[in-house]
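Quick note, the sequences are listed as chains A and B, same order.
Heads up: the first sequence begins at 1149 in our numbering, then just goes up one per residue.
Heads up: the second sequence begins at 3 in our numbering, then just goes up one per residue.
Fair warning: there could be bad hints in the mix.
[Unchecked claim] Covered stretches of chain B (chain A as the covering partner; in silico rule of three or more C-beta atoms under 8 Å from a C-beta of chain A):
{"id": "1", "segment": "21 to 31"}
{"id": "2", "segment": "39 to 51"}
[Stated by the list, open to error] Pulled from the structure, derived: some chain B residues nowhere near chain A, Cβ distances all over 12 Å:
{"id": "3", "residue": "ALA36"}
{"id": "4", "residue": "GLU55"}
{"id": "5", "residue": "ASN71"}
{"id": "6", "residue": "GLU163"}
Simulated from the structure, these hints should not be mistaken for lab results.
Ideal Cβ positions, reconstructed from N, Cα and C, are used throughout, including at glycine.
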Amino acid sequence: MNRFSLILVGLIFLTVITVLFMPGVGDIIEVLILRLMAGQLF
Amino acid sequence: MNNLARAVLNKAFLLIGVILLLLIFAISALAISARFSDGPSVIFAGGPLETGELVTGPEPDWSFARNINLIELQLIEPPRSRILWVADYEGKLYLNSNYMGGLRQRFWKKWPAEAEKDGRAILRINGKRYERHLVRIKSGDAVEGVTREFTRKYGVTMTPEEVEEEELWLFELAPPRTSDNGDIK
Chain A
1149 MNRFSLILVG LIFLTVITVL FMPGVGDIIE VLILRLMAGQ LF
Chain B
3 MNNLARAVLN KAFLLIGVIL LLLIFAISAL AISARFSDGP SVIFAGGPLE TGELVTGPEP
63 DWSFARNINL IELQLIEPPR SRILWVADYE GKLYLNSNYM GGLRQRFWKK WPAEAEKDGR
123 AILRINGKRY ERHLVRIKSG DAVEGVTREF TRKYGVTMTP EEVEEEELWL FELAPPRTSD
183 NGDIK
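So here's chain B without its partners, still in its complex pose (with noise of 0.2 Å):
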């Protein structure tokens, strides 16, 4: 290689070296600018849901939910939220987490298994927020019945099977527990 191609291919390896230099930035600061966001963005997890009427009272009837793909939860402990697909099912919605036997699980979906060890929620569709307490569902008749649904609404597959292996995790958003003196717990 004479010299001349030699400098060429430094060149080119300092050019992409500075795009990808810029490309971590660039994601660096949209993920932690998200973090500090009333709501996630489409890949980021956002900070607390903060604005939207707090609807309290009587159990909704979360049939609307059948027609609404995405939602935003934020977990109590940690303050995070992030945007998820629902599933209505029997009256009661459900989250799902696909990929939970892989790499992906470790690295980067932390939220199932903080929501396993603090259920305490806020939910927001339509621009409405619902205290929840996520209850994770490994078995039971209702198992084969809303990975159905989520299998009919975003049509891909999710099978009892892959609950039981725990490669799929099943949540249901549950009313929140409140202590005798009403504070939620």
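The shape of chain A in the complex, shown without the other chains (with noise of 0.2 Å):
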């Protein structure tokens, strides 16, 4: 595995974990997902 293949996959472990164990971050990103539905994101 090189370099980048290493990094990429420690920013995914890193993002699952901040995702569904930081109070907030899914709620955020939930927001945003409604709000980007809702033609609201800006």
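Take the two lone chains and join them into the complex the hints point to.
Below, the structure written as structure tokens:
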């Protein structure tokens, strides 16, 4: 596995852990998705 | 385009690709974790509704639902839950599902068709659970009253014509159907 792949796997792992275990992160993502679907992101 | 510009462009595409990939993993993680939760999240379907007192006995007075905007509903089969709007009309509760004629219905909303096939469900309001049977309403006097109540309550436009065109599906949250030995059918 080259360096880039290792960094990518690390980032994915970190993202999943953050989303699942950091309070509020999942909620923020869901609100952003809702606003995106409603066309009110910006 | 010189080599420097090409290299910068490649890096930019790579960065966008990585960000998109991370976003896909983040959303997938949220969707999967919701499936194993007691109840749904705002967007993603959740697992079975397990906590909360299970209310049995005579039919409740549903008028309190007039002040409740969102309820949690779980189908028995498949055992997944979601957050929905609710309206009360003439002592009965009703659910709606919009955009049933479009692409969203085919790719995103599966529960209305599942509920039509097997209406057994559990409703959770104010932390209390109620066994229900979803009955799809396509016509009749209730359609006008229920669409009017949804329109009043949520400030959106729902019409009997949409129900007729199957763009809007309505379900009555009827009492559970029991067999002779008391089991839920």
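A quick look at each hint next to the structure:
Counting residues of the segment 21 to 31 of chain B whose CB lies closer than 8 Å to any CB of chain A gives 6, which reaches the minimum of 3, so the coverage claim holds. Coverage of the segment 39 to 51 of chain B by chain A holds [criterion: at least 3 residues with CB-CB distance below 8 Å; count 4]. Not every C-beta of chain A lies more than 12 Å from that of ALA36 of chain B, the closest at about 9 Å, which undercuts listing it as non-interface. Annotated as non-interface, GLU55 of chain B keeps its C-beta farther than 12 Å from every C-beta of chain A; the closest such distance is 27 Å.
The non-interface label for ASN71 of chain B is consistent with chain A: the shortest C-beta to C-beta separation is roughly 15 Å, beyond 12 Å. Every C-beta of chain A lies more than 12 Å from that of GLU163 of chain B, the closest at about 24 Å, which supports listing it as non-interface.
In this structure, the one hint that does not hold is number 3.
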